[in-house]
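Asks: Full structure from sequences and hints, please.
Note that my numbering numbers the sequence shown so that position 46 is 46, with each residue one more than the last.
Treat the hints as calculated values from the structure; they're not laboratory data.
Keep in mind it's a predicted model, so treat the numbers as computed, not measured.
There may be inaccurate statements among the hints.
Claimed, not checked - Straight-line Cα separation of at most 30 Å, DSSO-like style, residue types lysine-lysine; simulated pairs: (1) K102 - K68; (2) K119 - K69; (3) K102 - K69; (4) K68 - K119; (5) K2 - K69; (6) K119 - K2; (7) K68 - K2; (8) K69 - K112; (9) K2 - K112; (10) K112 - K102; (11) K102 - K119; (12) K112 - K68; (13) K102 - K2.
To be verified - Just the calculated beta-carbon pair ranges, DEER-fashion: (14) P71 - G12: 28 to 38 Å; (15) T73 - S118: 26 to 36 Å; (16) D15 - P71: 30 to 40 Å; (17) S101 - P56: 14 to 24 Å; (18) S22 - D105: 16 to 26 Å; (19) Q42 - K2: 27 to 37 Å; (20) P103 - P71: 31 to 41 Å.
Don't be surprised by glycine CBs; every beta carbon is placed ideally from N, CA and C.
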Amino acid sequence: MKTIYIVEDETGIRDALQLLLSFENYEVRSFSTIEAFNSRNQAEIPDIFILDVMMPDGLGTDVCNELKKNPSTANVPVMIMSAHAKNTEVTKSCNADVFVSKPFDIDDVIEKIESLISKS
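Replies: Spelled out as structure tokens, the structure:
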């Protein structure tokens, strides 16, 4: 079973993604803060990271940059989401594999996840 880590502060979005992706047979771990994400077991590497840009304790783009610099996570796909930032702003500030604008279509998100995982 493929594993997805979600870093999203909005409870409704986080819970909906976790539930819907679980129905798609993904194992999902979610984190409501960057601090909680940074406290995870670093030895466990998911198949994809999904990061919100605007978090209460930092920026998802900074997390993305850290993941891409770390040799153990550098090749793990990163999907970054935002309701406020534009694709060009985000892709300039971090090396995410795909950008998703909120609100999003869940079928589109699942399709992008499946595409990223199949390439990795």
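Asks: Look at each hint and say if it fits the structure.
Replies: Tested hints:
no.	hint	in the structure
1	K102 - K68	23 Å, holds
2	K119 - K69	20 Å, holds
3	K102 - K69	26 Å, holds
4	K68 - K119	16 Å, holds
5	K2 - K69	23 Å, holds
6	K119 - K2	13 Å, holds
7	K68 - K2	20 Å, holds
8	K69 - K112	23 Å, holds
9	K2 - K112	14 Å, holds
10	K112 - K102	14 Å, holds
11	K102 - K119	24 Å, holds
12	K112 - K68	19 Å, holds
13	K102 - K2	24 Å, holds
14	P71 - G12: 28 to 38 Å	35 Å, holds
15	T73 - S118: 26 to 36 Å	19 Å, violated
16	D15 - P71: 30 to 40 Å	32 Å, holds
17	S101 - P56: 14 to 24 Å	20 Å, holds
18	S22 - D105: 16 to 26 Å	18 Å, holds
19	Q42 - K2: 27 to 37 Å	19 Å, violated
20	P103 - P71: 31 to 41 Å	35 Å, holds
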